[in-house]
Structure formats: structure tokens, C-alpha cells
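A.B. asks: Residues per chain, in single letters:
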Amino acid sequence: KAGVTQTPRYLIKTRGQQVTLSCSPISGHRSVSWYQQTPGQGLQFLFEYFSETQRNKGNFPGRFSGRQFSNSRSEMNVSTLELGDSALYLCASSNLTGGSYGYTFGSGTRLTVV
Amino acid sequence: QKEVEQNSGPLSVPEGAIASLNCTYSDRVSQSFFWYRQYSGKSPELIMSIYSNGDKEDGRFTAQLNKASQYVSLLIRDSQPSDSATYLCAVNIPYLDTGRRALTFGSGTRLQVQP
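Going line by line, the protein sequences match chains L and W.
Quick note on numbering: the first sequence equals residues 1 to 114 in the numbering used here.
Quick note on numbering: the second sequence equals residues 1 to 115 in the numbering used here.
What the hints contain is simulated information worked out from the structure, not anything from laboratory work.
Careful: at least some of the hints might be erroneous.
Unchecked claim - Derived DSS-like pairs: lysine-lysine, alpha-carbon spacing no greater than 27 Å straight-line:
1) W:K67 x W:K42
2) W:K42 x L:K13
3) W:K56 x W:K42
4) W:K2 x W:K56
5) W:K2 x W:K67
6) L:K57 x W:K2
7) L:K57 x L:K13
8) W:K67 x W:K56
9) L:K57 x W:K56
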């Protein structure tokens with residue numbers, strides 16, 4: 001059974017640009033959550049999608065957005081990149097919402113903003 | 001007060017010893033608690049889940065939950081150098097804006113097992 005797949009693994013972008021990250025969940029999982037991990041703030045919840053609907057959202061500015069497709073694949077977009085957006089972005093999948101039974105994480109996308 | 005709190009460490013133990021990792025949380029009605037292990041440069045890996053008060057054992061790992069004290073811990077018996085990693089405590093806590101739950105992580109405790 002394939003795990004959670006995130007692409008790309010690494011990205012370097014310039015301030016002001018936008019970026020799109022992709023996540024394919026474990027087959028059969030309908031919930032996809034996104035997290036940002038930085039050394040200073042740790043793992044912070046961005047949002048959760050379930051059946052193509054944003055179900056929950058953390059405390060991030062509107063520059064961070066996402067969507068989910070009918071095959072459960074998800075993308076997140078960050079517009080007008082800032083230096084502080086440099087982080088590891090992790091996608092996690094689950095067959096239920098809310099993290100009640102835990103998540104399986106992908107390998108992450110390392111974003112560097114210069 | 002952070003919603004999920006852990007001592008950042010490092011916690012250093014000799015090989016073969018018991019490592020004890022602790023976590024406190026703020027939400028009195030949380031029902032799901034997890035421990036993740038994260039090696040440097042890797043993504044978090046789920047190692048234990050616990051939902052009821054008491055102990056849950058899986059191999060060398062034991063998770064302990066005390067809901068009255070809002071406290072969850074992880075014991076690693078016969079610690080090995082390969083256990084050296086950051087251990088993240090996670091609790092599913094409601095978010096203010098939506099009232100819906102999501103996993104909230106502590107900042108992690110770095111464990112070093114000395115050969």
C-alpha cells in the first residue's frame with residue numbers, strides 16, 4: 001500500500017512569488033491535513049480537507065489556501081511569499097476527520113524563500 | 001499557556017535505560033492522544049496512540065494517560081541509540097474559529113541515547 005506522496009521534495013522561490021504543493025493521500029483516505037514545521041514554531045496546523053471541502057482551518061493568513069480534488073489529492077498554495085514562509089510543509093492523511101485516529105505523514109516539501 | 005506542552009530537552013539516557021517523556025495538554029475533553037517520532041530531516045512517524053486512562057504497551061514502548069491530570073507520557077524501555085530522535089506529543093484539540101478538532105502538536109522532546 002503506497003504511503004502519502006508529496007511533490008516536489010524541495011523548492012526554492014523568491015519573495016513575492018507564489019507556490020503550489022501537491023499531496024496524494026493513502027488510497028482510501030479521504031481526509032488530508034496540511035502542517036507547517038519550522039524550528040521556532042514547531043508543527044502548526046494549516047487546514048484539513050475532507051471530501052473536497054475545507055473542514056477546518058488553523059491560524060494562518062489568507063495567503064495560504066488549499067483545495068482537494070474528487071480523487072482526494074490535495075494542493076496547497078502560498079501567494080506573495082515571504083521569507084518567513086521558509087519551512088517544511090507536511091501533508092497528512094487519514095480515513096477519518098479531526099485526527100481522532102492519528103495521521104500518516106508524507107515526506108514533506110522543503111520550501112526555501114530567498 | 002500552550003495547548004500541548006513538552007520539555008524540549010535534550011533528554012540524555014544511557015543505552016539500556018528507561019527513557020521517560022512527558023506531555024501536558026489544556027483541553028479537558030480531548031479523547032485522542034498520540035506519540036510521534038521524528039528523526040532529523042525526516043517526517044513524523046506515529047508510534048503510539050492512547051484513548052483511555054491507564055497504560056498501553058507495544059513492544060518496548062508504553063504510553064500512559066491520566067485525563068484528570070491532563071497528562072500523557074511515553075516510556076521507552078531498553079533504550080537504543082537508534083531511539084535517538086525528537087518525540088512529539090499530539091492531542092486532538094478544537095480550533096477556536098471552527099470548533100472542530102485537529103491534531104495539535106507539542107514542540108517535541110529531543111532524546112539522546114548514549115552508547
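A.B. asks: Decide, hint by hint, whether the structure agrees.
C.D. replies: Here is what the structure says about each hint:
{"no.": "1", "hint": "W:K67 x W:K42", "result": "violated, 31 Å"}
{"no.": "2", "hint": "W:K42 x L:K13", "result": "holds, 22 Å"}
{"no.": "3", "hint": "W:K56 x W:K42", "result": "holds, 26 Å"}
{"no.": "4", "hint": "W:K2 x W:K56", "result": "holds, 26 Å"}
{"no.": "5", "hint": "W:K2 x W:K67", "result": "holds, 17 Å"}
{"no.": "6", "hint": "L:K57 x W:K2", "result": "holds, 18 Å"}
{"no.": "7", "hint": "L:K57 x L:K13", "result": "holds, 25 Å"}
{"no.": "8", "hint": "W:K67 x W:K56", "result": "holds, 14 Å"}
{"no.": "9", "hint": "L:K57 x W:K56", "result": "violated, 31 Å"}
Hints 1 and 9, counting from the list given before, are not met by this structure.
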